[in-house]
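Undergrad: My request is simple: use the sequences and hints to build the entire structure.
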Amino acid sequence: MNLYAIRAIYRFEMARTMRTLLQSIVSPVVSTSLYFVVFGSAIGSRIPEVGGVSYGAFIVPGLVMLSLLTQSISNASFGIYFPKFTGTIYELLSAPVSTLEIVISYVGAAATKSIVLGLIILATAALFVPMQILHPGFMLLFLLLTAVTFSLLGFIIGIWADGFEKLQFIPTLIITPLTFLGGSFYSIDMLPAFWQKVSLFNPVVYLVSGFRWSFYGVSDVGVGVSLAMTLVFMAICLGVVGWIFRTGYRLKS
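Note that UniProt numbering gives residue 50 to position 50 of the sequence shown, counting from 1, and the numbers run on in steps of one.
Hints are computed from structural coordinates only; laboratory data are not their basis.
Glycine included, each C-beta is placed from N, C-alpha and C at the ideal position.
Keep in mind that a hint or two might mislead.
Unchecked claim - Have a look at the derived ranges for each label pair, beta carbon to beta carbon:
#1 E165 with D189: 37 to 45 Å
#2 G52 with L119: 39 to 47 Å
#3 T86 with F180: 16 to 24 Å
#4 G163 with S27: 21 to 29 Å
TA: In structure tokens form, the structure reads like this:
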């Protein structure tokens, strides 16, 4: 494995984050904090507790997931799309760098940025509400798996997109609604029975539920099911990435 190539691409992507610190870190943290203040104050006054947890603390894992999903996709999609847009993708494809090394570099950088952002948001949330993390190991595991999985999805979107508009199409019209409807701000147990069953077809439900369980020990679905669904989604994304490189789909367009 060409570790020098992996390190070079990884460091380049991380350096780009430092050059755009306001957009990459500060803006998502401020936006998430506003979500927390508005939802925690407006709705929290009407819903004092959910599953024995204060509403302000209950929505923290959902807000972290909301930011983690959107930023993982955004970082990875832009990271691989920009070389296509500028034409430098040809240099990458002609270099002695394997498919695996390219994926590790771009997805690893995007996931790292998302994890750092998620931890910053957690630290920020701790300033507003008292929090506890009952299972820190599982919390870090879900954080890592989610960041890597949605960075892979963002990588796929970046290769599929042939314009900047398409980079925002799936995150804006699909991922964000699924996140809001995936139990980020409520428990699906609060829904009527029919909509509870419909919600189980939303993959974000399993991510948020498992992540919330690692904090408070409460969840909408079993933690084992949440973990299994996350791994299945990751395997699907890996399979699609492998197909892209085998067929050369849109890599040079």
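Undergrad: So which of the earlier hints does this model not fit?
TA: Of the numbered hints given earlier, those the structure breaks are 2 and 3, listed in rising order.
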